[in-house]
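*Asks:* Model the placement of chain B on the given structure of chain A, informed by the hints.
So the protein lines, in turn, are chains A and B. Using our numbering, read the first sequence as starting at 49 and increasing by one per residue. Using our numbering, read the second sequence as starting at 31 and increasing by one per residue.
A hint or two may mislead.
Said to hold, decoys possible - In the DSS-like style, the derived pairs of lysine-lysine whose C-alpha atoms are separated by at most 27 Å in a straight line are:
#, chain 1, residue 1, chain 2, residue 2
1, A, K125, A, K161
2, B, K331, A, K76
3, A, K76, B, K181
4, A, K252, A, K240
5, B, K254, B, K359
6, A, K125, A, K240
Stated by the list, open to error - Per the computed footprint, the stretches of chain B lying under chain A, defined by three or more beta-carbons under 8 Å from a beta-carbon of chain A, are:
#, segment
7, 123 to 136
8, 146 to 152
9, 174 to 188
10, 327 to 334
11, 338 to 345
In case anyone wonders, no lab produced these hints; they're calculated from the structure. Ideal Cβ placement from N, Cα and C applies to all residues, glycine included.
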Amino acid sequence: MHIAVCVKQIQDPEMPTALLRVDADTNKMMLTSSVSPVISPFDEQAVEAALRIRDALGEARITVLTLGAEPARQVLKAALSLGADEGVLLSDPAFQDPDSYTTALALSAAIGKLGDVDLVLTGRQAADFDAGVVGCGIAELLDIPAITFARDISVDGGTIRVQRVIENGHEIVEVASPALVTISHEIGAPRKASLRETMRAARKPIAVWSVEDLALEAAQTGALGARRVLEALYIPSRDIECEFQQGASAREMAQNLARRLYQANIL
Amino acid sequence: MSAPGGVLVIAQAEGGALSELSREMLALARRLADETGGMVEAVLLGENLGDSAGDLIAFGADRIHIGDGAAYTAYLAEAWMPKLIEVAADAPPAVILIGHDTMGADLAPRLAIRLGTTVATACVEAEFVAGRLHATRSCYGGAARETLSFKTGPCVLTIKSKSQAALDRNNGRKGEIVPLAADAVQTRVRIVERNVSAAAGVRLETAAVVVAGGRGLNGPEGFKVARELADLLGGALGASRVACDLEWCPASIQIGLSGRTVAPELYLALGISGASQHMAGCGGAKTIVAINNDPTAQIFKSSRFGIVGDCQEILPPLIDALRVLRDAKDS
Chain A
49 MHIAVCVKQI QDPEMPTALL RVDADTNKMM LTSSVSPVIS PFDEQAVEAA LRIRDALGEA
109 RITVLTLGAE PARQVLKAAL SLGADEGVLL SDPAFQDPDS YTTALALSAA IGKLGDVDLV
169 LTGRQAADFD AGVVGCGIAE LLDIPAITFA RDISVDGGTI RVQRVIENGH EIVEVASPAL
229 VTISHEIGAP RKASLRETMR AARKPIAVWS VEDLALEAAQ TGALGARRVL EALYIPSRDI
289 ECEFQQGASA REMAQNLARR LYQANIL
Chain B
31 MSAPGGVLVI AQAEGGALSE LSREMLALAR RLADETGGMV EAVLLGENLG DSAGDLIAFG
91 ADRIHIGDGA AYTAYLAEAW MPKLIEVAAD APPAVILIGH DTMGADLAPR LAIRLGTTVA
151 TACVEAEFVA GRLHATRSCY GGAARETLSF KTGPCVLTIK SKSQAALDRN NGRKGEIVPL
211 AADAVQTRVR IVERNVSAAA GVRLETAAVV VAGGRGLNGP EGFKVARELA DLLGGALGAS
271 RVACDLEWCP ASIQIGLSGR TVAPELYLAL GISGASQHMA GCGGAKTIVA INNDPTAQIF
331 KSSRFGIVGD CQEILPPLID ALRVLRDAKD S
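Extracted from the complex, chain A is given alone in its bound form (with noise of 0.2 Å):
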């Protein structure tokens, strides 16, 4: 089995809200130095759901995907000494800047190009901008089926089984191989890599595919191909007074919390 892992390199979602700042020239996210970059963590749970698959078949062959300059080779890296086999970087001038759709689009065709993956998995959304648009539009752009909110999946035989987070609830569901599916956090905590797995990590191979390779034009790709604007991008303050109860006990900061929501009309 070919199971094909799409991840996203993103500034540490735990980094302090504090120090996001945004770059009013070019509408993006200004890095911050203190901070490093991190796979995201609902991709690195579909990493995790690769490897608890081929933990349970015996056998699988993990390629991870990523679309992103140099510095994105970390995140493939990453997937690598947790036990991926190998990696593929997508890099290309005309990749720089995309969008859901053209980052989908590149990486269908990347997946295309692998030929023979019978799996696809991307995290439920990243965890930067939150969209949740790539996983099912590659499933489209590759028209196989997609299953989203993965919670626990399975593979037997060709039948590949998801237990997906619905309202109120969860939802079995089956579809036969190839296809695609989003995880969602409740797949559980990934493991840690191993120092023999960072090692063998070092002699596993990554690709890098240019626009070419994939056998897209450039004018598809990136911010040119791009089918939404990126209009503004900015912090909301909601900062506001909070009036903090005083109190020699517990009982009487609590009575003067509920003395004073009953005062200001909320209850």
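*Replies:* The following block gives chain B in isolation, referenced to the frame of chain A:
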């Protein structure tokens, strides 16, 4: 300047009635259509839809495409897509609005790509600026916002629950109803089993008061106390992702970016630090009250009232005090 075409709402029904989020989308659709000069159309697929068509008209739609039948018992993208494409191609809208829930988030990207366009997901605002639709949405875990416009049409948007206020029901409104054949479609994905729990207590999305617990509740016992407080206030119980991941409470009550979105009158955050991913789900609350033992917790920056202290110590006397005040008010 006005853009041509109408606004199409992909509506949902729950238990034979139009969903709250669909009503909210109709209000937005009405506002946008008044600018484009187009019509508000809605498409509704499901089974046993009752008088949802009447609801759609009363809440702002001009023309309804309705498919009621066993083919649409449960949502499945592949089963619904051909019918939605048929409706969208029949009367190409300028804008398509879809609710941002597990159905809409699953459906919208596919529909958009299929229609040769793209989607702005989880939008909180949409308006025409110089004839172009501008959609605003949260990003960076709710810490930032972006405004997008479209180079392709139709503009497909998924709309966040509680971001729009529904119009008042107007039973005098007139509308046209177009029945759709509920054709069964051969799908590649097959639903084997569906487990939906009737959520206990008051529904989170519609509750006037939400009591939400986080790591500071210290375990399942803390959630029992939080539940007692929620019941006392006639509210619903919610939780942070950490508390759900620790299995102190069901995952279905998670509030935040990857959980539910609530906008109650009062949001009581108990032992919740207020990470932006959590605030993305409760930032619309009218008043936030926080109890947290860390005076520097982010949550206090969004709170009108706060107590710095341990929930275990504060909650029992708080429940006592609120009960006394409620009884005094009632008598």
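*Asks:* If you check each hint against the structure, which ones fail?
*Replies:* Violated hints: none; all satisfied.
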